[in-house]
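Residues per chain are reported as follows:
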Amino acid sequence: MDKIWLVFQREYLVRVRKKSFIVMTILGPLLMALVMIVPIWLATMSDDTKVVQVLDESGYLKGKLTSTEELKFINVPGPVETAKAAYLQSEDAALLYIPQLDLEKPQGIQLFSQKSTSLSMKGNLEKQVRQELEEVKFVNSGIDQQVLDKIKTPISIRTVNLSAEGEKSSDVAVTTGVGFMGAFLVYLFIFIYGAQIMRGVIEEKTSRILEVMVSSVKPFQLMAGKILGIAAVGLTQFLLWIVLTSAISAGVTSRFDLKRFSDEQISQTTQGMESERDVQQAQEIHELFSATQNLNYPLLIGSFLFYFLGGYLLYGALFGAVGAAVDSETDSQQFMLPITVPLILSFIVAQTIIIKNPNGPVAFWMSMIPFTSPVVMMLRMPFGVPTWELLLSMFLLMLGFIGTIWVAARIYRVGILMYGKKVNYRELSKWLFYKG
Amino acid sequence: MQPILQIQGVSKRYEAHQALNQVSFEVPQGSIFGLLGPNGAGKTSLIRIITQITAPDEGQVLFEGQPLQPRHVQQIGYLPEERGLYKKMKVGEQLVYLARLRGLEKADATQRIKTWAERLDLKTWLNKNVEDLSKGMQQKVQFIATVLHEPKLLILDEPFSGFDPVNANIIRDEILKLRDQGCTVIFSTHRMESVEQMCDYIVMINRSHKVMEGSVREVKSRYRSHTYHVEGTGKLLIMSPDFKVLTQSQHGNEFKAEVQLEPQVGPNQLLRYLTERVEVHGFQEKVPSIHDIFIQTVTQEAHG
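Residue numbers (this note's numbering), protein chains in the order written: chain A, 428 to 863; chain B, 895 to 1198.
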């Protein structure tokens, strides 16, 4: 035990003192923020205005199409052949051709363009043309547009989790977001720190220190010390990130005075607002805000730590075994693949199937299988998981990492003293049953 | 005195390969013990069993009369042939780490590291990263790491590889000094001249079997062929059934020859025979070197 502790200390201190660790610790939250902000910023940046020529032979749309920031409409004279020829000479984005239409069955609308049209432009045009044609139809059938506008009712359902303890606002977007965040962190940490274990073992192998080491430490102690040491590095980084992020978000909160939207003050806040739109927005922020507050954070963080450590131990042991089996990182690919596939798969499935149905059979089984449960369970957690499922999954994960550590220790023990030998799976399986 | 190490009928198999087959010998306390053998003979397998990196399939190893136990690790210092250090660690920290893994207290280790660093001229380097050191200096650090916990038994696998002659001498002197202080040294090498210089006893392993053992003097005398090298002036013409001329060369009036005696004949008889006929300038028994014995044994085995 002493020796594991000594190895642990070394692995921890060497890594924590590295410049790259300090840099990543500071940059991590900033990068995270960037990852979230940049796409939004990019999306808000408008492209150049595109000019669409319109040849309307039906007469329904004359002057009706409204130019937006993205699209500008100009009318061109027909017939269609001349319009097409003229369009080819111009540098405009597209030519929209609307022939004589049968209102009941509008067919033959075409969009000519020199380059492929984007989906959003096509959608935009379809929407506008449809609206205009519908309006014409309304008028034809005697329905007043104003009456219709009055009938349209905007609906937003406020989701509330009802339980014995009372009501809690929940918000699917927030729940999904938090779950996704947890799953992503687990996934990222397993990859980053698992790979560090592998690299550490390979480094020890190539620097030929292992034989010196194993003459005073048991291979298992060496492996355990390394895996735990790196786990501690990961947790340290994670804690520092939390501290830094909460410092940043505290700054943001005070800057934007988010208190206004809390449960206690929301009614006061909305009273002071004049336009209906502001009130609605404030209400939305309030919902997001209270949904975020109403999550069960102790449970979430507790199970995050458990699944992070469990998943890390499960995969970390295997990464360590791969490091022991190969001579250099370039040889590690063939063994890495079967390890990374379940991890990547769980993340992909998490994004697609499980987000749609967090309590379905796929979600259930994948949160039971130890290789996929760390990521999948983190995603399901905020939606509420029955206690027995959570406990069973945790138990299976523990069995899982005890199993992989057993396998890894056997491969490690033989592999670390094996140099210059290309190893294949058959060889590895034999190592499992070597004596002494 | 009780031998520090007794190897008793040790066998080890790796799948299809028999690494050691019923090897037994004893290492006397306070000696320098040469473990010889060609590549792949099983030396490293044996060393790994002694250092408890692996366990034997059969047989046992006794350390001071007791079967090997994990606590014995602290009394053994092992310098493997494949040796290295953590490149990104400071020399001093690394030595403390390795010493603590062998059961030394931190303060104690620091003190000893200081002494050794002074002795081997490494003092200014203790705060440098290992990767900044030359290969020879790294070897010195490894040597210090091996002896820092003052082991009773020191196992050195090719200790001189990577050293220049000056540093090799320094290390050799340190090894001898440790022996004089009571440390037993097992010495595995291909450099037969250093075996001859340093070893008191040798054991030779070839193809997983022990093929020879004994004190260096004993082994050498066992391989004596009663051959004498003679040189001098005059015309040498030996015509006696007691002597057999192996080689002979004549340059003008000077001759050189190697003469083998028949078993019952002594060297004085040859000398008397010679002085009656020629003028003798040199007369010396041709003792086989360990190098010759090594090659002879290994090639014999290969052919037989």
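Quick caveat, the hints were computed from the structure, so don't treat them as lab data. Keep in mind that the hints are not guaranteed to be accurate.
Unchecked claim - Going by beta-carbon spacing under 10 Å, a handful of chain A positions derived as facing chain B:
1. 433
2. 437
3. 440
4. 443
5. 445
6. 499
7. 634
8. 636
9. 640
10. 644
11. 861
As the list claims (entries may be wrong) - Only some residues are given here: those of chain B computed to face chain A with a beta carbon under 7 Å:
12. 945
13. 995
14. 998
15. 1066
16. 1070
17. 1180
To be verified - Lysine-lysine pairs mimicking DSS-like chemistry, simulated, CA-CA at most 27 Å apart:
18. B:1008 with A:430
19. B:981 with A:445
20. B:1180 with A:446
Each residue gets a CB set at the ideal place from its N, CA and C atoms; glycine is no exception.
Evaluated hints:
Because the smallest distance between the Cβ of residue 433 of chain A and any Cβ of chain B comes to about 6 Å, under 10 Å, the interface hint for this residue holds. The beta carbon of residue 437 of chain A comes within 6 Å of a beta carbon in chain B, closer than 10 Å, and the hint placing it at the interface holds. Hint status for residue 440 of chain A relative to chain B: holds, with the closest Cβ pair at about 9 Å, below 10 Å. About 13 Å separates the beta-carbon of residue 443 of chain A from the nearest beta-carbon of chain B, more than 10 Å, and the hint is not met.
Taken as an interface hint, residue 445 of chain A checks out: its beta carbon lies about 8 Å from the nearest beta carbon of chain B, inside 10 Å. With its C-beta approaching chain B no nearer than about 61 Å, residue 499 of chain A sits outside the 10 Å limit, and its interface hint is violated. The interface hint given for residue 634 of chain A holds, since its Cβ lies 4 Å from the closest Cβ of chain B, which is under the 10 Å cut-off. Given the 10 Å rule on beta carbons, the hint for residue 636 of chain A holds: about 4 Å separates it from the nearest Cβ of chain B.
A hinted interface residue such as residue 640 of chain A counts as satisfied when its beta carbon comes closer than 10 Å to some beta carbon of chain B; here the least separation is about 7 Å, so the hint holds. Interface restraint check: residue 644 of chain A against chain B, minimum CB-CB distance 6 Å, threshold 10 Å, status holds. For the restraint placing residue 861 of chain A at the interface with chain B, the shortest Cβ-Cβ distance is roughly 8 Å, inside the 10 Å limit, so the hint holds. Satisfaction of the interface hint for residue 945 of chain B is found here, the shortest Cβ-Cβ separation to chain A being roughly 4 Å, below the 7 Å cut-off.
The beta carbon of residue 995 of chain B is positioned within 7 Å of a beta carbon in chain A (closest approach about 5 Å), and the interface hint is therefore held. Taking 7 Å as the C-beta contact cut-off toward chain A, the hint placing residue 998 of chain B at the interface is violated, the least distance being around 11 Å. Interface hint status for residue 1066 of chain B: violated, as the beta-carbon distance to the closest one in chain A is roughly 21 Å, over 7 Å. The beta carbon of residue 1070 of chain B is not positioned within 7 Å of any beta carbon in chain A (closest approach about 23 Å), and the interface hint is therefore violated.
Restraint check, residue 1180 of chain B versus chain A: the minimum CB separation of about 41 Å is more than 7 Å; hint violated. Between the alpha carbons of residue 1008 of chain B and residue 430 of chain A the distance comes to roughly 24 Å, so the proposed pair stays at or under 27 Å and holds. The suggested pairing of residue 981 of chain B with residue 445 of chain A holds, with an alpha-carbon distance near 13 Å, which does not exceed 27 Å. Annotation: proposed proximity of residue 1180 of chain B to residue 446 of chain A is violated, straight-line Cα distance about 65 Å (limit 27 Å).
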